[in-house]
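Chain by chain, the residues:
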Amino acid sequence: MANQTDLANRSNGLAEAVHQREAIAPVVDVYENGDELLLFVDVPGATNDGIDVQLEKGQLTILAKRREDAPGPLLAAEYRSYDYLRVFSVPQGIDPSKIDAQLGGGVLRVRLPKSESVKPRRIEVKQG
Amino acid sequence: MFSRFGDESRDFALLDEFRRRIDRLWEDMDTSWPANSSNARTHSSSAWPRINLYDAGSNLVLKADVPGLSEKDVHVTLNESGVSISGDRKVAPPEGYSAHRQERTSFGFSRSLSLPCKVNPEQTQASVKNGVLTVTLAKAPEAQPRQIAVQAN
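Chains A and B, in that order, are what the protein sequence lines are.
Take 16 as the starting number for the first sequence in our numbering and just add one per residue.
Take 8 as the starting number for the second sequence in our numbering and just add one per residue.
One should not assume that every hint holds.
[Claimed, not checked] Some chain B residues near chain A, calculated using beta-carbon distances under 7 Å:
1) D72
2) T131
3) A133
[Claimed, not checked] Listed below are the simulated DSBU-like cross-link pairs for lysine-lysine, each with C-alpha atoms no more than 30 Å apart in a straight line:
4) K79/B with K97/B
5) K80/A with K125/B
6) K113/A with K97/B
7) K80/A with K129/A
8) K125/B with K113/A
9) K136/B with K97/B
10) K134/A with K80/A
11) K136/B with K125/B
12) K79/B with K136/B
13) K129/A with K79/B
14) K80/A with K141/A
15) K80/A with K136/B
16) K80/A with K113/A
17) K113/A with K79/B
18) K129/A with K113/A
19) K129/A with K141/A
20) K113/A with K134/A
21) K141/A with K72/A
Keep in mind the hints are simulated off the structure, nothing from the lab.
The C-beta atom is built at its ideal place from N, Cα and C for all residues, glycine as well.
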């Protein structure tokens, strides 16, 4: 899986957005076993309704929007509330209808189950 | 970015120290300001977690990004000189999986900062929600904003 860097994406055919919210690349862990790919993404501050996970043309797009109201004037700032955006190329054989995303404690977990045809299979050896 | 007062009183000296620390934090941060770089952000554990401090009138509110940490994993300590946040971030790889990419790491962290005014330790609250730590520090009575009546002559 390679990460794509084209954050400005004009593939939807619409006019270029005049203002695009800034997004940062969140840190990601990618694991694989025989049944699925498993991603963990750190998205502190994001809530369920701001998360968009899409698989299209072999590209997995993970977008997590962060909206927070400041409790008052800022005295010191080390971070800003950026959105999180990361795009991966995923191998063929992922079943798009079974992708599952779950958010807990600022960490997004995405499961990408493999379709039956690419799962490893044990071949029974028959007696001749 | 912050203008500086002359050290006319101890209160201002404290404020100055706070500004200096924040200025230093800004310097640290410039190198890791990600915007739209293709490199994934890396945490230097010395400056983790990132902290924002807000003035909410009668409270100071401290917010820090602590993804994957629960209330048990974060310790908030209040003392004379300010507030400290420490703890351990543990990232356990799931069993039976092979790793393609591991950018999330385990590390311990500890940070402290001075506060711009006195706070009331009894009324300090901390919570973790959606991976964001929020510490609400009630300002001490003498630091509370006060409305001054303007009198007609």
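- Query: Going straight from one Cα to the other, do K125/B and K113/A come out at no more than 30 Å?
  - Reply: violated, 53 Å
- Would the pair K80/A and K141/A pass a check requiring their Cα atoms to be no farther apart than 30 Å? violated, 55 Å
- Distance restraint between K129/A and K113/A, which requires alpha-carbon spacing of 30 Å or less: Holds - the C-alpha atoms of K113/A and K129/A are around 9 Å apart, at most 30 Å.
- Message: Between the alpha carbons of K113/A and K79/B, is the straight-line distance 30 Å or under?
- Response: Outside the cut-off at roughly 33 Å; violated.
- Message: Next pair to validate is K80/A with K136/B; report whether the Cα-Cα distance is within 30 Å.
- Response: holds, 16 Å
- Given the hint that K80/A pairs with K113/A, does the C-alpha gap stay at or below 30 Å? This hinted pair holds, its Cα atoms lying about 23 Å apart.
- Does the structure keep K80/A and K129/A at a Cα separation of 30 Å or less? holds, 27 Å
- Task: Quickly compare the C-alpha distance for K136/B and K97/B to 30 Å and report which way the hint goes.
- Result: Holds. K136/B to K97/B sits at ~18 Å (cutoff 30 Å).
- Task: Below or equal to 30 Å on CA atoms is what counts here, so check K79/B against K97/B.
- Result: With a Cα-Cα distance of about 12 Å, the restraint between K79/B and K97/B holds, given a limit of 30 Å.
- Query: Does the structure keep K141/A and K72/A at a Cα separation of 30 Å or less?
  - Reply: Since the Cα atoms of K141/A and K72/A sit roughly 40 Å apart, the hinted pair is violated (cutoff 30 Å).
- Would you settle whether the hint for D72/B is holds or violated, based on the nearest Cβ-Cβ distance to chain A being less than 7 Å? holds, 4 Å
- Straight-line alpha-carbon gap K79/B to K136/B, limit 30 Å: OK: K79/B and K136/B at ~13 Å, within 30 Å.
Hint violations for this structure: numbers 2, 3, 5, 8, 10, 13, 14, 17, 21, all remaining hints satisfied.
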